[in-house]
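Asker: My request is simple: use the sequences and hints to build the entire structure.
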Amino acid sequence: MAKKVIIQHPVNGLTRNGYYGYSWTYLFFGWLVPLFRGELGVAALHMLFTLFTFGLWQLIVSFLYNKQYMTRMLEKGYVLKDSEQTMAEARACLNIAPV
527 MAKKVIIQHP
537 VNGLTRNGYY
547 GYSWTYLFFG
557 WLVPLFRGEL
567 GVAALHMLFT
577 LFTFGLWQLI
587 VSFLYNKQYM
597 TRMLEKGYVL
607 KDSEQTMAEA
617 RACLNIAPV
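If you want the numbering used here, it's the 1-based position in the sequence shown plus 526.
Wrong hints could be hidden among the right ones.
[To be verified] Derived PhoX-like pairs (lysine-lysine); straight-line CA-CA distance at most 20 Å:
| id | residue 1 | residue 2 |
| --- | --- | --- |
| 1 | Lys593 | Lys607 |
| 2 | Lys602 | Lys530 |
| 3 | Lys529 | Lys593 |
[Claimed, not checked] Distance windows between CB atoms, simulated:
| id | residue 1 | residue 2 | range |
| --- | --- | --- | --- |
| 4 | Thr541 | Leu577 | 31 to 41 Å |
| 5 | Asn538 | Arg617 | 19 to 29 Å |
| 6 | Leu566 | Asn621 | 22 to 32 Å |
| 7 | Ser609 | Gly539 | 11 to 21 Å |
| 8 | Leu571 | Gly603 | 14 to 24 Å |
Honestly, the hints are just simulated from the structure, not real lab data.
Every residue, glycine too, gets a C-beta built ideally from N, C-alpha and C.
Answerer: What follows is the structure, given as structure tokens:
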């Protein structure tokens with residue numbers, strides 16, 4: 527089950543919800559999830575892979591998608607901005623070194 531953690535970009539102050547754990551949303555909606563999260567290129571790639579693998583891609587990536595999404599957001603400069611307990615759980619799940 528995916529858990530929510532708030533992430534924030536320190537430069538512009540933009541706040542988003544990040545998720546870690548298994549993505550039921552991706553399992554049911556597939557490539558639409560990155561599309562709705564604003565990742566058009568990722569959505570296009572995932573749609574192609576889903577079509578070529580007849581949906582098997584969607585089953586496999588549901589285990590990986592939230593971690594990949596959070597990794598991309600953290601690489602763009604977002605930082606975890608939630609309660610200490612929630613951030614500690616997210617760091618452990620995402621293999622992020624404690625600050």
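Asker: Which of the numbered hints are not met once you compare them with the structure shown?
Answerer: Per hint list: zero violations.
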